[in-house]
Amino acid sequence: MASPTETTQAAPLLRTPLFDLHVGLGAKMVPFAGYEMPVNYPAGILKEHLHSRARAGLFDVSHMGQAMLEGPDHATVAKALEALVPADILNLKPGQQRYSQLLNEAGGIIDDLMITRTREDGKIYLVVNASRKDVDFAHISAHLPAGVTLVPMPGRALLALQGPSASAVLGALCPAAQSMAFMTGTPGKIGAFECHISRSGYTGEDGYEISVADGEAVALAKLLLAQDGVMPIGLGARDSLRLEAGLCLYGHDIDETTSPVEAGLTWSIQKRRRLEGGFPGAERIQRELEKGASRKRVGIKPDGRAPAREGTAVSALLGASIGTITSGGFGPSVDGPVAMGYVAADYAATGTPVNLMVRGKALSASVVAMPFVPHRYASKS
Amino acid sequence: MTERFTKDHEWVRIDGDVATVGITNHAQSQLGDVVFVELPEVGRKAAQGDAVAVVESVKAASDIFLPIAGEVVEVNGDLTGQPALVNEDAEGKAWFFKIKVSNAADLDKLMDRAAYDAFVKENG
Numbered sequence: 001m002a003s004p005t006e007t008t009q010a011a012p013l014l015r016t017p018l019f020d021l022h023v024g025l026g027a028k029m030v031p032f033a034g035y036e037m038p039v040n041y042p043a044g045i046l047k048e049h050l051h052s053r054a055r056a057g058l059f060d061v062s063h064m065g066q067a068m069l070e071g072p073d074h075a076t077v078a079k080a081l082e083a084l085v086p087a088d089i090l091n092l093k094p095g096q097q098r099y100s101q102l103l104n105e106a107g108g109i110i111d112d113l114m115i116t117r118t119r120e121d122g123k124i125y126l127v128v129n130a131s132r133k134d135v136d137f138a139h140i141s142a143h144l145p146a147g148v149t150l151v152p153m154p155g156r157a158l159l160a161l162q163g164p165s166a167s168a169v170l171g172a173l174c175p176a177a178q179s180m181a182f183m184t185g186t187p188g189k190i191g192a193f194e195c196h197i198s199r200s201g202y203t204g205e206d207g208y209e210i211s212v213a214d215g216e217a218v219a220l221a222k223l224l225l226a227q228d229g230v231m232p233i234g235l236g237a238r239d240s241l242r243l244e245a246g247l248c249l250y251g252h253d254i255d256e257t258t259s260p261v262e263a264g265l266t267w268s269i270q271k272r273r274r275l276e277g278g279f280p281g282a283e284r285i286q287r288e289l290e291k292g293a294s295r296k297r298v299g300i301k302p303d304g305r306a307p308a309r310e311g312t313a314v315s316a317l318l319g320a321s322i323g324t325i326t327s328g329g330f331g332p333s334v335d336g337p338v339a340m341g342y343v344a345a346d347y348a349a350t351g352t353p354v355n356l357m358v359r360g361k362a363l364s365a366s367v368v369a370m371p372f373v374p375h376r377y378a379s380k381s
Numbered sequence: 382m383t384e385r386f387t388k389d390h391e392w393v394r395i396d397g398d399v400a401t402v403g404i405t406n407h408a409q410s411q412l413g414d415v416v417f418v419e420l421p422e423v424g425r426k427a428a429q430g431d432a433v434a435v436v437e438s439v440k441a442a443s444d445i446f447l448p449i450a451g452e453v454v455e456v457n458g459d460l461t462g463q464p465a466l467v468n469e470d471a472e473g474k475a476w477f478f479k480i481k482v483s484n485a486a487d488l489d490k491l492m493d494r495a496a497y498d499a500f501v502k503e504n505g
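Chains as they are written, first to last, in my numbering: chain F, 1 to 381; chain Z, 382 to 505.
One chain only, chain F, in its complex shape (with noise of 0.2 Å):
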């Protein structure tokens, strides 16, 4: 049998401030993104899962880059951020958060990431991919108008609180976060601990994302674990999760050559940045928006069990290649195979029929629109 998982490294690995406890808790550590960081805990992949979706997971993301963008008041320093992504910034309200993408001249996205603005006048607080934050952090300082500054903030933890239960369970050490809308975030006080927490997340549950000083992190890990129905879950529950809430995995799904359009994120592009422009390739994409994208990421499930996995390719019934899996596998709470990828867009409408390469076989799959699972966020403000 070969081993999918063992991996030689050359370059030393980061750690989080979690890192001892991940490997008190027995979890099986992996490289990612430059981290040595926990795949499964000792219930494995499934249970972890499942776990997250009927009660609530802790999940360590520290490994993601986190950056406070400071000018002199909300609109200066939201029109040096509108320069680099599509989301409309300046009309956010004090507290509301959007997920957008930095774009490249090509409209390509550079990565996906968390904006927040701030209670406090001139900051929006990002996260961004850990895989990315090098890139993202030179690109956007590079690109910044005098008077505006990115203040990287490598000293701050993240962590995810995910499933049904995770309001109840934050709400009795924080009342404040119950009441939280999606979308938001606010400073506030868990047990001891001063947090910046946010109602978001990346498995289709609703959740939080919460803020909080290295040298904190592991006690606030430690009460969060201690409080009922909650168990640590690594990043294999976490890509399983994300790839059945149809969430984009950059680097995977998304990348300096898709588009937003492409990979279906027209959503997070509001109304008055379409039509003004004003952003990294508004020209293709306000092109896409009006025309089409020539292609498009749609959620493909195979009718049988074996799952397909990323790079495979998809091919129409009379088998012209019309496209790849991107994101792929089994999803535990569809109890199947799951994908993701890109196809022309004569095949991306829900239902069409196609096939996909797997060890030299055609396998039947259908596209399919995403989520697998629905999503079960909390409310809006």
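There's no promise every hint is true.
[To be verified] Selected chain F positions facing chain Z (Cβ under 8 Å, derived; list incomplete):
(1) I45
(2) K301
(3) R305
(4) F330
(5) M357
(6) G360
(7) A362
Keep in mind that the hints were calculated from the coordinates and are not lab data.
Just so it is clear, CB atoms sit at the ideal spot from N, CA and C, and this is done for glycine as well.
For chain F, the structure is supplied; the task is to place chain Z on it using the hints.
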């Protein structure tokens, strides 16, 4: 009955001229939850080291290599409906397939239990 192991973590047990093949308990623990197994077709002839079956966990797919040359004479259909059997009883009920051995000398290249245990210990 002779039992041997490969460096790819397959086990093989010989009974007369028929060999039963599966993956080791160590292998299943490394894979995690098995969600899909693809078995070879009965009648397939293959050489030692050929990839003839696939085992998939939530995260990844892994090939199963033929420990010794032969012809597939039987497959364990239970694994198709209950792939999790591999996690429950890798070296027992979750055998993958049986082959008619065509070259018994292939066995000489494999490890016995003690050598395999030492190999696993050494390689983590």
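These are the hints, each one checked on the structure:
no., hint, in the structure
1, I45, "holds, 4 Å"
2, K301, "violated, 15 Å"
3, R305, "holds, 5 Å"
4, F330, "holds, 4 Å"
5, M357, "violated, 14 Å"
6, G360, "violated, 11 Å"
7, A362, "violated, 15 Å"
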